[in-house]
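J.: Sequence:
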Amino acid sequence: MSRGFVILGIDTDRDRLKHAYALACSIKLCDMDQQVCLIVDQNKSDLVPKKYLEAFDYLVELSFGNTAYKDGFHGANLWQMRSCSPFEETIYVDDDTLFLNVDVDLLWDQFEDRDIAISNIAKTYRNTYADKTFDFEIEKIYDLPELYGNLIYFKTDSKLAIEWFKMADPCFQNWKEFYSQNFKEKKPNSFDKNVIVNTITDALDIYYDVKTDVAVLIDLSPFAQKFYSDDISDNWTDYLNFWFTQDLQLIVENSFISSGIVHYRDEQFLTDEILDVIVSKFKINKQRKDAA
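Read in order, the letters of the sequence shown are residues 466 to 757 in this note's numbering.
There's no promise every hint is true.
What the hints assert, rightly or not - Straight-line alpha carbon distances no greater than 30 Å define the calculated BS3-like cross-link-like pairs of lysine-lysine that follow:
{"hint": "1", "residue 1": "K691", "residue 2": "K509"}
{"hint": "2", "residue 1": "K597", "residue 2": "K691"}
{"hint": "3", "residue 1": "K691", "residue 2": "K641"}
{"hint": "4", "residue 1": "K658", "residue 2": "K483"}
{"hint": "5", "residue 1": "K515", "residue 2": "K691"}
{"hint": "6", "residue 1": "K509", "residue 2": "K751"}
{"hint": "7", "residue 1": "K746", "residue 2": "K691"}
{"hint": "8", "residue 1": "K676", "residue 2": "K624"}
Said to hold, decoys possible - Cβ pair distances, simulated, as ranges:
{"hint": "9", "residue 1": "D712", "residue 2": "D622", "range": "16 to 24 Å"}
{"hint": "10", "residue 1": "K649", "residue 2": "D622", "range": "34 to 42 Å"}
{"hint": "11", "residue 1": "I749", "residue 2": "N654", "range": "40 to 48 Å"}
{"hint": "12", "residue 1": "L571", "residue 2": "I749", "range": "31 to 39 Å"}
{"hint": "13", "residue 1": "Q711", "residue 2": "T598", "range": "51 to 59 Å"}
{"hint": "14", "residue 1": "P653", "residue 2": "M497", "range": "38 to 46 Å"}
{"hint": "15", "residue 1": "D670", "residue 2": "Q711", "range": "45 to 53 Å"}
{"hint": "16", "residue 1": "M497", "residue 2": "N639", "range": "34 to 42 Å"}
{"hint": "17", "residue 1": "I716", "residue 2": "Y607", "range": "20 to 28 Å"}
{"hint": "18", "residue 1": "N508", "residue 2": "K751", "range": "26 to 34 Å"}
{"hint": "19", "residue 1": "K649", "residue 2": "K751", "range": "14 to 22 Å"}
Since the hints were made in silico from the structure, they are not lab data. Note that the coordinates shown come from a computational prediction; the quantities given were computed from them, not determined experimentally. The beta-carbon is built from N, C-alpha and C at its ideal position, and this holds for glycine as well.
From just these sequences and the hints, can you work out the full model?
T.: Below, the structure written as structure tokens:
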């Protein structure tokens with residue numbers, strides 16, 4: 466059975482694809498045999514820098530184009546991931562993520578008995594459980610599941626996956642109307658992929674079929690770390706010291722992240738220096754594999 470990772474890469478006036486490239490390289494540094502697919506907008510395949518293609522096994526265009534082009538919330542294309550996936554088993558991952566020394570085989574094994582799996586937990590950089598008070602405020606108000614939609618496993622042709630993504634289609638494409646219909650007491654301030662993922666899961670009554678504890682998932686959202694302040698920046702790199710080592714470990718303040726799926730969220734985090742470390746190691750491993 467074919468299986469692999471899909472990453473949505475929508476470019477803008479800045480180089481957004483470098484995040485997808487870094488993620489793909491980091492996955493392959495965990496296991497060079499892993500298959501990775503980059504999904505881009507319609508008629509935009511030629512715009513992917515050639516140097517990035519070495520990290521991807523497939524390049525697929527969105528079946529219906531970038532349906533979020535008007536408001537710029539490209540995560541609203543999540544509903545198309547099933548139809549775009551070239552794999553029988555798929556793990557979708559947000560592009561602002563890195564795999565650091567992850568046993569990918571164990572990750573796949575964890576999903577073996579699931580048709581869809583979404584993590585119910587995440588850790589902080591200090592290896593404590595991520596706080597959900599603010600990041601899942603809407604879910605708590607409406608008694609919804611509190612799942613992390615930045616990593617979603619699905620068996621592409623399973624009945625449950627087909628049903629989930631079929632419902633996701635109108636919810637993501639018309640998310641403002643979706644908010645108006647479903648959230649009368651309080652609405653999210655803006656597009657929130659997690660809120661929509663959790664509402665769909667709740668509407669289908671499949672929470673217990675879907676929820677999975679992915680213990681290696683790390684969420685670097687400031688609120689997840691229990692940083693509560695009205696004037697706190699969304700960019701945690703503004704106030705936390707961090708280092709990225711040559712052996713692919715992340716140090717935040719005095720805490721080491723030696724292994725994990727790190728959802729860093731902050732675009733400032735992926736500096737040219739960090740990208741160079743990841744890409745250089747990937748190129749070395751690729752040369753060794755090609756020569757074997």
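J.: Would you mind marking each hint as holding or not holding in the structure?
T.: Evaluated hints:
no. : hint                      : in the structure
1   : K691 <-> K509             : violated, 40 Å
2   : K597 <-> K691             : holds, 9 Å
3   : K691 <-> K641             : holds, 29 Å
4   : K658 <-> K483             : holds, 21 Å
5   : K515 <-> K691             : violated, 41 Å
6   : K509 <-> K751             : holds, 26 Å
7   : K746 <-> K691             : violated, 34 Å
8   : K676 <-> K624             : holds, 17 Å
9   : D712 <-> D622: 16 to 24 Å : violated, 39 Å
10  : K649 <-> D622: 34 to 42 Å : holds, 37 Å
11  : I749 <-> N654: 40 to 48 Å : holds, 44 Å
12  : L571 <-> I749: 31 to 39 Å : violated, 24 Å
13  : Q711 <-> T598: 51 to 59 Å : violated, 36 Å
14  : P653 <-> M497: 38 to 46 Å : holds, 40 Å
15  : D670 <-> Q711: 45 to 53 Å : holds, 48 Å
16  : M497 <-> N639: 34 to 42 Å : holds, 41 Å
17  : I716 <-> Y607: 20 to 28 Å : violated, 38 Å
18  : N508 <-> K751: 26 to 34 Å : holds, 29 Å
19  : K649 <-> K751: 14 to 22 Å : violated, 53 Å
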